[in-house]
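Trainee: Each chain, letter by letter, is given below.
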Amino acid sequence: MYRGREGQWAWLLHRLSGLAILAYLSIHIISIGSFIFGERVYMAIHEVYDHWLFRLGLIAIVAGVLYHSFNGLRVIVMDFTGHGIRYQRHLFWATIVITLIGTAYTAYMVIPRVLAGV
Amino acid sequence: MIRAKTYADAKEQSHTNAELNWWIFMRVSGVVLVFLILGHLWMTYVSVSEKDATFTAVTAKLADPVWKLYDWLILVLSLLHGANGARYSIEDYVRSRPNRFWVKIIFYAVMAALFIFGSIGLFTLTPSFNK
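Note that the protein sequences, when read in sequence, are chains A and B. Under the numbering used here, the first sequence has 81 at position 81, and the numbering climbs by one with no breaks. Under the numbering used here, the second sequence has 187 at position 69, and the numbering climbs by one with no breaks.
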């Protein structure tokens with residue numbers, strides 16, 4: 001994983017974040033969709049999900065979605081403009097910075113609520 | 119799978135129209151999903167607590183046809199986008215032909231089941247569901 005430098009890392013992270021998001025999406029559809037079985041089933045699953053560990057895990061999901069979103073836009077810029085490829089390394093680091101800022105903000109919003117149990 | 123850096127490359131490399139169409143679909147759906155999903159995460163997780171996603175709150179929200187459509191668009195686009203992305207991974211890492219066939223069949227069946235389950239959930243819900 002050194003040959004393409006930033007480009008190779010960007011590709012690897014894109015694939016891993018994509019697969020992680022798909023895995024999360026699958027259990028998310030099942031857990032939220034469980035409302036069709038009535039309130040008791042839905043709330044039983046919701047209470048498991050509400051464990052602090054899962055609530056913190058969702059911060060990682062936000063990080064994955066932010067990276068996948070902005071790196072995806074980077075890929076599109078590379079595909080459809082001539083300039084994108086010249087700046088692909090800058091765009092990769094911009095993606096990383098946006099992801100870190102967005103994840104830090106999410107943690108700042110979520111962690112106090114988790115600690116307070118609300 | 120297409121390993122292209124530009125649209126022209128993609129067109130040249132794709133053996134079938136379907137493959138080229140998927141390449142275009144990934145980009146178009148990706149742009150739409152950026153807004154749909156970041157908005158969804160903001161509205162349901164960052165700005166409010168995960169604890170607020172109670173049965174009452176979820177069914178009340180989904181009684182509104184606008185949210186129903188919003189969530190259904192996420193369901194359709196993200197499952198297609200995700201399934202096609204995972205197909206690229208399967209084609210890269212599952213090397214033997216018979217295995218690849220069965221892995222794909224089972225994987226597509228799971229994706230289809232999730233889509234049907236999610237759609238039934240969204241569209242059988244009526245405003246009177248709560249009462």
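Rather than coming from a laboratory, the hints here were simulated on the basis of the structure. All residues carry an ideal CB built from backbone N, CA and C; glycine is no exception. Watch out, some of these pointers could steer you wrong.
[Unchecked claim] Here are a few chain A residues that face chain B, going by a calculated C-beta distance under 8 Å:
{"#": "1", "residue": "Arg5"}
{"#": "2", "residue": "Trp9"}
{"#": "3", "residue": "Ile29"}
{"#": "4", "residue": "Leu56"}
{"#": "5", "residue": "Ile111"}
{"#": "6", "residue": "Leu115"}
[Unchecked claim] Sample of chain B residues with no beta-carbon within 12 Å of chain A, all distances over it, derived:
{"#": "7", "residue": "Thr134"}
{"#": "8", "residue": "Ser147"}
{"#": "9", "residue": "Gly148"}
{"#": "10", "residue": "Trp160"}
{"#": "11", "residue": "Thr162"}
{"#": "12", "residue": "Thr172"}
{"#": "13", "residue": "Ala204"}
{"#": "14", "residue": "Arg218"}
[To be verified] DEER-style ranges, computed between Cβ atoms:
{"#": "15", "chain 1": "B", "residue 1": "Lys186", "chain 2": "A", "residue 2": "Ala44", "range": "48 to 56 Å"}
{"#": "16", "chain 1": "B", "residue 1": "Pro183", "chain 2": "A", "residue 2": "Arg5", "range": "31 to 39 Å"}
{"#": "17", "chain 1": "B", "residue 1": "Ala178", "chain 2": "A", "residue 2": "Ile101", "range": "18 to 26 Å"}
Trainee: Hint by hint, which ones does the structure fall short of?
Mentor: 1, 2, 4, 5, 6, 8, 9, 10, 11, 12, 13, 15, 16 and 17
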